[in-house]
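*Asks:* Letter by letter, the chains look like this.
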Amino acid sequence: MSNIILACDKVSVGYKKPVLTNISFTAERGSFISMLGPNGVGKTTLLRTISKHIPGLAGTVYIDGRVNTSIKTSELAKILSVVMTDKAAPPLLSVLEFVSLGRHPHTGFMGFLSPADQEVVTDSLLAVRAEGLADRFIDQLSDGERQKVVLARALAQEPRLLLLDEPTAHLDLKHRVEVMGILRGLCRTRDLTVLAAIHDVDVASKVSDLVLTLKGGTLRDVGRPEKVLTAKAVADLYDFDQAGFSAHLGGIEIRGDGLAGKAFVVCGQDRGAQAYRYLSKKGYDLATGILERSDLDAYVAGALGAKVIFYEDGTDPEPVLEKATLEMEGSAFVVDGTKKNEQGPWEALSVRLLKKANDKGFKIISLGEGGDIGPLTQALEEHVSLDKQPEALAS
Amino acid sequence: MEADLILHNRLLAQRATSRRMTVFYILGALVLILGVVNLMVGSISYKVSEILEVLFSPSGTSDLHFIVWKIRLPRTLACIMGGAYLAASGLLLQVYFRNPIVGPFILGISSGATLTVSLVMLTALGLQLTYITPFLTTIAGMVGAYGVMVLVVAIAAKVRQGATLLIVGLMMGYICSSVTSILTALAEKEKIKGFVLWGMGSFSGFKWIEISIMFVVGGLLVLAIYLLSKPLNAFLLGEDYAASMGVSIRKFRLFILLAASSLAGLVTAMAGPVAFIGLAVPHMARLSFATSDNRILVPGACLMGAIVTSLCDLIARMWLSPVELPISAITAFFGAPIVIALLLKRGVKL
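Chains A and B supply the protein sequences, listed in that same order.
Heads up, the first sequence is in my numbering, so the first residue is 1 and it goes up one at a time.
Heads up, the second sequence is in my numbering, so the first residue is 396 and it goes up one at a time.
Since the hints were derived computationally from the structure, they do not count as laboratory data.
Any given hint could be a false lead.
Stated by the list, open to error - SDA-like, lysine to any residue: derived pairs with alpha carbons at most 20 Å apart:
1) A:K87 / B:A558
2) A:K363 / A:E329
3) B:K646 / A:M110
4) A:K78 / B:K625
5) A:K206 / A:K227
6) A:K227 / A:G302
7) B:K646 / A:T73
8) A:K206 / A:R184
9) B:K625 / A:F112
10) B:K625 / A:S114
Stated by the list, open to error - If we take Cβ atoms under 8 Å as the criterion, some of the chain B residues that face chain A in the derived model are:
11) E397
12) I401
13) R405
14) A408
15) T412
16) A629
17) M640
18) D688
We put the CB at the ideal spot given by N, CA and C, even for glycine.
Hey, can you work out the whole structure from these sequences and the hints?
*Replies:* Shown next, in the form of structure tokens:
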């Protein structure tokens, strides 16, 4: 038996007019594959072509080594099951009955369940940790509970390949994490292959074995998320200009518009991250220093589009200090997030930089313990209220 | 742990099954009781013992014998079958369209029948067809109902979306209705009352040949629907999910449309358009069995339809006796509040 469960060979999909062309990739058993791309790029259409809901326009889809269109639907249903965005919640149907519907391809003419079928149904409910919902009505569940039950129905088909269209849309954080965790686990424990259209780049980068990025009517890239999901690739995929993706942080940072002015943050050793995000949210253009390259602060600041001043240990510090001082020009204020009692080369430089800022008459706002932004928010709020007062008086 | 759960879930299923069996027994008993009551009461009322005696001796010659065998029994059977078929038809279309306010006439079946019946009842066309007079309206109704059905099915082959088909059906209904309106406006006064009454349905005057046709054709269709309740259940999740579970959508869609329309057309041709049964009864069945499982609901809705129609016919005959009311007057009287309540109380989410 080949280890490849799904293969697309130069596949084109669409309704009459192609939406995606020349899609080629292979999926190994037990792997989690995420499909990323902007809305309307054709993720759903590709899924529907693989599941034989619509005919492909060109190329071939192989499922378990066979051309998908040559497999009878009733047989395909035993290999492949789907979870769609469709909110399927018929009235007066218990969760147990709903999940039992998934046994459809395996049961006899009238669809009555054998003891073995009942076992699979219970097993599927257990797999999604929804065993406690068995006697509830499906239309009375919350979105998160229902999605787990919908997943259980798909599992009751005992598929080897599971296609999911935005499985975590509309879910709260808890269920989002839970559903992805369950799917990830199923890949490992049951050798199930998951192909999911996902919107969360950060989630996809954390759970996937393989990532497909779709853009501009074709497959942009395919490979391990560590290789495919670089900051540049993600920004390009979604046409980001107000946000940045950090592969190291595995998340999206939302950039400020810079309309509030410029702010310089002096920090290091992870104490600046919160301040960066806060200032960015408030609309400040950021510059920061003086940081070590591997500092967490550097990744956050980078993703936020900040100008970051680095210092390499053992090199001449004076030009770096000079550069930082120049960069500071025009800032509305300087934030001090340094740790006073530490004396590494970066801290020493930071302290010198702060002294220069002070000499130049910059307003300096100090962060609290461990980079707490309390003092910063307080200072900004006071500042804002001062700004607004004349206006209020005028009206 | 897992074994316990399997047992627990099996117990849940068993409990639901035994509850549903009880409901079946109750509904079955009600059909029988209402059937007998319908034979007993009328302009002359008889005792149960008299009725039973006559029923088991088909070759008598008394007045009672004539009344039971020629009038009341055909009517009672027609009510039972008509109600059952309309309910099954409505259930089928509600599942297919995944829409709770769909009924058997949503695709224009009754409007088609009304149009052709108005042609024979309101125009001179009927006069030229006198040689088939006893079945004239029935045949006309059948032509209209199945004419519309063929059109709808032909269009269904072209449109993918259920909702589109629904609108097509509605539009067909409007077209037929408008032609009927024109014919009504042009018709002679005295003919109109008869036509209007036909348009509200009645189970009176059924002949045994009609009962036989209804029994054989309708019975086979209902049996086929029951046997296909497994794919029908898959349809509860919508066409896409049904397809993903191995149901052949195109064939099955054709079957649903044909079966539902044939049943509705059969009843409409013989009894006129009986309103509300097909819309309201599937909901009543769903609520009393507390399930959407069509293996339960197909027989369940049939029984419920038979009960409701029998009851409505009893009221239609007896309420303002000797004047007999059209059955749609009664079914709507019961049906409309139910539909309104359902719409207002979406908490039940039907």
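*Asks:* Given E397 (chain B) as an interface hint, is its Cβ closer than 8 Å to any Cβ of chain A?
*Replies:* 6 Å, holds
*Asks:* With a cut-off of 20 Å on the C-alpha distance, tell me whether K78 (chain A) and K625 (chain B) pass.
*Replies:* 16 Å, holds
*Asks:* With a cut-off of 8 Å on the beta carbons, see whether T412 (chain B) makes it to chain A.
*Replies:* It is violated, given that the least Cβ distance between T412 (chain B) and chain A is near 11 Å, above 8 Å.
*Asks:* Less than 8 Å between beta-carbons is the criterion; does D688 (chain B) satisfy it with respect to chain A?
*Replies:* Hint on D688 (chain B): holds, closest Cβ of chain A at ~6 Å, below 8 Å.
*Asks:* Does M640 (chain B) pass the interface check with chain A, least Cβ-Cβ distance below 8 Å?
*Replies:* 4 Å, holds
*Asks:* Holds or violated: the hint that A629 (chain B) contacts chain A, with Cβ atoms closer than 8 Å.
*Replies:* 5 Å, holds
*Asks:* Below or equal to 20 Å on CA atoms is what counts here, so check K625 (chain B) against F112 (chain A).
*Replies:* Holds: K625 (chain B) and F112 (chain A) sit about 9 Å apart, inside 20 Å.
*Asks:* Identify whether the interface hint at I401 (chain B) stands, where standing means a beta carbon of chain A within less than 8 Å of its own.
*Replies:* 5 Å, holds
*Asks:* Please work out if K625 (chain B) and S114 (chain A) have their alpha carbons no farther apart than 20 Å.
*Replies:* 15 Å, holds
*Asks:* Given the proposed pairing of K227 (chain A) with G302 (chain A), does the C-alpha separation stay at or below 20 Å?
*Replies:* 19 Å, holds
*Asks:* Verify the proposed pairing of K646 (chain B) with M110 (chain A), using a straight-line Cα cut of 20 Å.
*Replies:* 18 Å, holds
*Asks:* Do the alpha carbons of K206 (chain A) and R184 (chain A) lie within 20 Å of each other, as the hint requires?
*Replies:* Status holds; Cα separation ~10 Å.
Comparing the model with each earlier hint shows a violation of hint 15 alone; every other hint is respected.
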